[in-house]
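Take these sequences, add in the hints, and give me the full structure.
Listed below, chain by chain, are the residues.
Protein chains: 2
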Amino acid sequence: MDGNAPVYGGIEAGGTKWVCAVADAGGGVLTTEVIPTTTPETTIRAAVRFFEDRRPLAAIGIGTFGPVDVRPGSPTYGRVLATPKPGWAHVDVVSPLRATLGVPVRLDTDVNAAALGEWRRGAGAGLGTLAYMTVGTGVGVGAVVNGGLVHGLLHPEFGHIRVPHDLVRDPFAGSCPFHGDCLEGLASGEAMRRRWGRPAEHLDDPSVWELEAEYVALAVLNLTYALSPERIVVGGGVAKNPALLPAVRARLLALAAGYPGEPVPVDAAAMDEYVTGPFLGDRSGVVGAVELARAARPAPNPPVL
Amino acid sequence: MDGNAPVYGGIEAGGTKWVCAVADAGGGVLTTEVIPTTTPETTIRAAVRFFEDRRPLAAIGIGTFGPVDVRPGSPTYGRVLATPKPGWAHVDVVSPLRATLGVPVRLDTDVNAAALGEWRRGAGAGLGTLAYMTVGTGVGVGAVVNGGLVHGLLHPEFGHIRVPHDLVRDPFAGSCPFHGDCLEGLASGEAMRRRWGRPAEHLDDPSVWELEAEYVALAVLNLTYALSPERIVVGGGVAKNPALLPAVRARLLALAAGYPGEPVPVDAAAMDEYVTGPFLGDRSGVVGAVELARAARPAPNPPVL
Chain S
1 MDGNAPVYGG IEAGGTKWVC AVADAGGGVL TTEVIPTTTP ETTIRAAVRF FEDRRPLAAI
61 GIGTFGPVDV RPGSPTYGRV LATPKPGWAH VDVVSPLRAT LGVPVRLDTD VNAAALGEWR
121 RGAGAGLGTL AYMTVGTGVG VGAVVNGGLV HGLLHPEFGH IRVPHDLVRD PFAGSCPFHG
181 DCLEGLASGE AMRRRWGRPA EHLDDPSVWE LEAEYVALAV LNLTYALSPE RIVVGGGVAK
241 NPALLPAVRA RLLALAAGYP GEPVPVDAAA MDEYVTGPFL GDRSGVVGAV ELARAARPAP
301 NPPVL
Chain W
1 MDGNAPVYGG IEAGGTKWVC AVADAGGGVL TTEVIPTTTP ETTIRAAVRF FEDRRPLAAI
61 GIGTFGPVDV RPGSPTYGRV LATPKPGWAH VDVVSPLRAT LGVPVRLDTD VNAAALGEWR
121 RGAGAGLGTL AYMTVGTGVG VGAVVNGGLV HGLLHPEFGH IRVPHDLVRD PFAGSCPFHG
181 DCLEGLASGE AMRRRWGRPA EHLDDPSVWE LEAEYVALAV LNLTYALSPE RIVVGGGVAK
241 NPALLPAVRA RLLALAAGYP GEPVPVDAAA MDEYVTGPFL GDRSGVVGAV ELARAARPAP
301 NPPVL
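From first to last, the protein sequence lines are chains S and W. The first sequence begins at 1 in UniProt numbering and counts up by one. The second sequence begins at 1 in UniProt numbering and counts up by one.
I should point out that these hints are in silico values taken from the structure, not numbers from a laboratory. Ideal Cβ positions, reconstructed from N, Cα and C, are used throughout, including at glycine. Check before you lean on any hint, since a few could be wrong.
[Unchecked claim] Derived CB-CB ranges, DEER-like:
#1 W:90 to S:177: 27 to 33 Å
#2 S:39 to W:166: 41 to 47 Å
#3 S:196 to W:164: 20 to 26 Å
#4 W:250 to S:49: 49 to 55 Å
#5 W:26 to S:168: 56 to 62 Å
#6 S:17 to W:272: 40 to 46 Å
#7 S:194 to W:210: 54 to 60 Å
#8 W:281 to S:17: 51 to 57 Å
#9 W:205 to S:92: 50 to 56 Å
#10 W:164 to S:194: 56 to 62 Å
This is how it looks when you write it as structure tokens:
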């Protein structure tokens, strides 16, 4: 490695940890460091220190939990919006890094970053469209459509769609502080913990995972009909349970009932290709954050992705 | 009008009628003609005759009911897929026009065409993203994201997402032949006709429209969280009832519960701007079909939109 060649920085800014990485010009990750998420000041300072030690830096990309202002040119670009996470509402995660390190910083949601990472270097290689769904503490979706990440008024908040909730089968009222039994309120790790009294990784009753598969299959079905992605990657901590994805695929076939037919998967073999785990394992988000940096332009120019 | 300047043709190919139009190079519509949808042969022949009389033609765009193969380069490009419409399954709506008229033909769904029409010349002017939802005989969504219409494996089939269905309030089992009580099975004009025994335009009980507004609001909510469009245009025959959109906006505010907050509408004034009727009235689809023609390249090149 050339000690003078600039590196590209990436941060996967999560609720429990920030994963920081630097990569070479080709996007190959050179080093990573995990910083626990505490107060904004402490966390951001630790990230700055990580990157200061690895100069020269060309740019930094951040994929963060949201909702967050991802609109280039907005006066509040880079600020986290209404989050239930204590201390983090209205925090600007872009300016301190840009000011201290003096490089362009490009921000997107954690799931858009993960979608970009998988699209460029994982499950989406060669595809025109890709969606990434996380089922972890929360539920969210990022997607690449027409060569770019999906933005609009703000960014997708797919975790908050409403899905059918059979109160006889599942009397749990839902854990979302805004909506109660939206998708995230029924299917997230937090919902599982509250419904069953233990975290997802300590739950092994098959009926628990059957119910979880029902909600994730409804989510994947609605995402299929909303975006028609060429592949859907399902990541996140809850999705690591080996029983989940096979059950989701089977349930999805039944729910779709063959509609609209091929090229949308109509059999188990095609479904195995369509709904997959992340090819990059736990690194989809940080690899995607590096890819954001590699595409960065100084704000407030519009994003090129 | 210069008699020798080539015109651009557009067809809104619907289940009950085909609306054909020709426009000048700037996209201004010059003439339209309505052809009843009967057999594929008769309907397509009538469309060919309309365009033969208006040569020279530069290109034709078609927005059709679906599902339909919209993948340029596919061996079945232009074919209608599994449709319940008698006689139309597997019909190729592109080749006969291309062969007879000798011009490029570009195809998309009726709702993608309508989204394009409104984006270029109506409710979406100046916006980066726009979604168009039809609530008519069926329910569907088209959308512009990152400067292009949304495609993937195929095209969105948003009418078939699953939404909450309170069987106590609404014991109707749903009208979708594939899914029963998917969105279209609960909220389409066909669902209303079957649930209440009369077509939507003959229903004036407020409770009928309150229930309809509930489903359309759930649809608009899920679309908001899926795509984050800058505006959602709601068109189609059912949406012409003047009570519907105001009730949808009010219900949407309650369902979203202020999440994620601005810039997503959080009050009635912003909601009036966010959920609108079509600025082009009944012409969104055919104007969009003309816009498809104006962007057409000879297949099987990839579309530029």
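Now the hints, each set against the structure:
1. A hinted range of 27 to 33 Å for the beta carbons of residue 90 (chain W) and residue 177 (chain S) is inconsistent with their spacing of about 49 Å.
2. In this structure the hint that residue 39 (chain S) and residue 166 (chain W) lie 41 to 47 Å apart at CB holds, the actual value being about 43 Å.
3. In this structure the hint that residue 196 (chain S) and residue 164 (chain W) lie 20 to 26 Å apart at CB holds, the actual value being about 22 Å.
4. Against the hinted window of 49 to 55 Å, the Cβ-Cβ separation of residue 250 (chain W) and residue 49 (chain S) comes to about 50 Å, which satisfies the hint.
5. For residue 26 (chain W) and residue 168 (chain S), the Cβ-Cβ distance of about 59 Å falls inside the hinted range of 56 to 62 Å, so the restraint holds.
6. Checked against the hint of 40 to 46 Å, the C-beta distance between residue 17 (chain S) and residue 272 (chain W) comes to roughly 42 Å, which is consistent with it.
7. Look at residue 194 (chain S) against residue 210 (chain W): about 32 Å separates their beta carbons, and that is not inside 54 to 60 Å.
8. At about 53 Å, the beta-carbon gap between residue 281 (chain W) and residue 17 (chain S) stays in the expected band of 51 to 57 Å.
9. The hint said 50 to 56 Å for the Cβ distance between residue 205 (chain W) and residue 92 (chain S), and at roughly 52 Å that hint holds.
10. Distance hint check: the CB atoms of residue 164 (chain W) and residue 194 (chain S) are about 20 Å apart, inconsistent with the given range 56 to 62 Å.
Hints 1, 7, 10 from the earlier list are contradicted by this structure; the remaining hints agree with it.
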